[in-house]
Structure formats: structure tokens, C-alpha cells
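**Student:** Sequence:
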Amino acid sequence: MTTYSDTKEFEGATFVQASFTGAKMRFSDVSGVTMRGMDVDGLDIDSHDLFFGSLIVNGVDVVPYVDAELSRQFPGRELQKAETPEGLREGWDAVRVAWQETVDATPRETWDDHVEDEWSLAQTLRHLVLATDAWLGRGIHRIEEPWHPIGQQFTGAAEMGFDMSVFREPESHEEILEVRAERQQQVTDFLSTVTPEVLAEERDGPWGGSWKPTVGDCIRVVLEEEWAHLRYVRRDLALLGG
1 MTTYSDTKEF EGATFVQASF TGAKMRFSDV SGVTMRGMDV DGLDIDSHDL FFGSLIVNGV
61 DVVPYVDAEL SRQFPGRELQ KAETPEGLRE GWDAVRVAWQ ETVDATPRET WDDHVEDEWS
121 LAQTLRHLVL ATDAWLGRGI HRIEEPWHPI GQQFTGAAEM GFDMSVFREP ESHEEILEVR
181 AERQQQVTDF LSTVTPEVLA EERDGPWGGS WKPTVGDCIR VVLEEEWAHL RYVRRDLALL
241 GG
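Read in full-length UniProt numbering, the sequence shown has 145 at position 145, and its numbers run on one by one without any break.
Just so you know, the hints here were simulated from the structure itself, not pulled from any lab data. All C-beta atoms, glycine included, are put in the ideal place defined by N, C-alpha and C.
Think about it this way: if two alpha-carbon atoms lie no more than 16 Å apart in a straight line, the pair counts; the simulated EDC-like pairs of lysine to aspartate or glutamate are: (1) LYS24 - ASP44; (2) LYS81 - ASP217; (3) LYS81 - ASP49; (4) LYS24 - ASP6; (5) LYS81 - GLU224.
Have a look at the derived ranges for each label pair, beta carbon to beta carbon: (6) HIS173 - GLN17: 49 to 59 Å; (7) ALA68 - HIS173: 31 to 41 Å; (8) PRO149 - GLY209: 17 to 27 Å.
Kindly produce the complete structure, drawing on both the sequences and the hints.
**Tutor:** What follows is the structure in C-alpha cells.
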């Protein structure tokens with residue numbers, strides 16, 4: 001199959017009676033795409049940014065329905081939007097419990113298995129180490145180089161110019177669990193004493209850019225990362241166990 005990468009040749013294009021059966025789109029921009037008279041049986045859309053916009057199906061914005069259903073499937077997920085220390089603590093406790101259930105229920109021999117180009121459970125746990133380093137370590141605590149070397153960078157980080165030399169493969173699953181537990185405890189400790197005044201303080205985004213998140217925003221990103229990647233892992237584990 002032909003692969004189209006880093007191209008804008010389809011912007012504004014019209015496709016009539018064209019077949020996209022079995023096609024895959026990854027990290028692509030389909031905002032504003034209009035589809036009419038379409039056969040969509042089995043169409044599978046997974047968007048981390050879905051909840052920042054709209055998705056219109058037959059004239060209905062389905063984003064609120066998807067959001068509500070995911071919160072039903074993952075009790076406590078709705079607290080990723082909490083504004084108070086109490087709400088954020090409760091949300092963090094909920095996602096920690098949910099993750100522990102998944103880790104405990106997954107046989108260790110399958111931790112490195114993965115679906116196609118998706119991350120394995122082991123890689124996902126490593127990415128959450130990096131997410132904590134980014135948003136708590138660098139974002140909130142302003143540590144310039146907070147990175148643990150087993151952190152899993154996001155896809156495309158090297159191409160974007162990020163220094164990958166500080167990272168390495170973990171020595172074992174036990175090392176992943178140890179570092180992951182340390183990072184989780186850092187979030188727990190921070191939330192145990194945080195005040196509304198601190199949550200309102202402004203910070204620089206850990207990846208640069210013009211956005212100036214508050215401390216509360218940084219914690220909400222941590223929660224969003226935790227819930228999103230838990231969903232990805234459970235989805236893929238179900239497929240692998242198929």
C-alpha cells in the first residue's frame with residue numbers, strides 16, 4: 001500500500017466514488033472534512049483531541065455522547081476536569097486504582113506485546129513516567145531536566161528536534177514498575193498539600209509554545225494522559241486477547 005507522509009496534496013480535494021477500504025490515517029489533520037453519502041460500516045476513529053472540538057454525524061455532534069460514555073466506562077474520569085484540590089485528589093486516586101487493576105490483571109509475559117504500531121503496556125507505563133516528568137517536574141516544579149532515562153517519548157519527538165540521548169531502554173519490567181511508582185508518589189505528595197492559590201499560579205508549558213498553563217492545568221493534563229493511555233491499553237489488550 002502507498003504511504004503518504006508530510007503532505008498537503010489532499011487539502012481541499014474532492015473524492016467521488018473513491019474507495020478508502022482498509023486505509024489508515026495516523027497523526028493526520030482531517031478537521032473540516034465533509035463526507036456525504038458515505039459507507040462507514042466499521043469506521044474506527046480514535047482522537048486524543050476529540051473533546052476540544054466537534055464531530056458531526058448526521059447533523060448531531062456526538063462528542064458529548066462519547067465523553068459521557070467514556071466516563072461511564074471509566075468511573076472517576078470526569079474528575080480530570082476538576083478545579084479544586086479535593087476534586088483533583090479524588091480523580092488521581094481513581095485513576096491510580098484503575099491503572100493498578102489493569103497492571104495486576106495483565107500477565108507479565110504479555111507486557112511487551114502490542115497491536116500494530118501502538119505501544120505495549122510496558123512502553124505506555126514508560127510514557128506516563130515521561131508525562132509526569134514533563135507536567136509535574138518541568139511544568140510545575142520548573143526543573144529544567146526532570147527526565148528519567150527510561151521515559152518513553154511521544155511519537156515523532158526525535159523528528160521535532162528533542163534530545164533523545166538522555167533516554168535508554170529499561171533493564172527490566174521491575175525497573176519500570178519502580179520508576180512508575182516513584183512518579184505516581186510524586187503526584188500524590190504534591191496533591192496532598194496543594195492549595196487553590198497554588199493551582200491558580202501560571203507556568204510555562206513544558207514543551208514550549210505560547211500557552212501559559214496554570215498549575216491546575218498541568219495536573220489536569222497529567223490526569224488526561226493517565227485516562228487516555230489507560231483506555232488505549234485496555235483497548236489493545238482486548239484485541240490481543242481476542
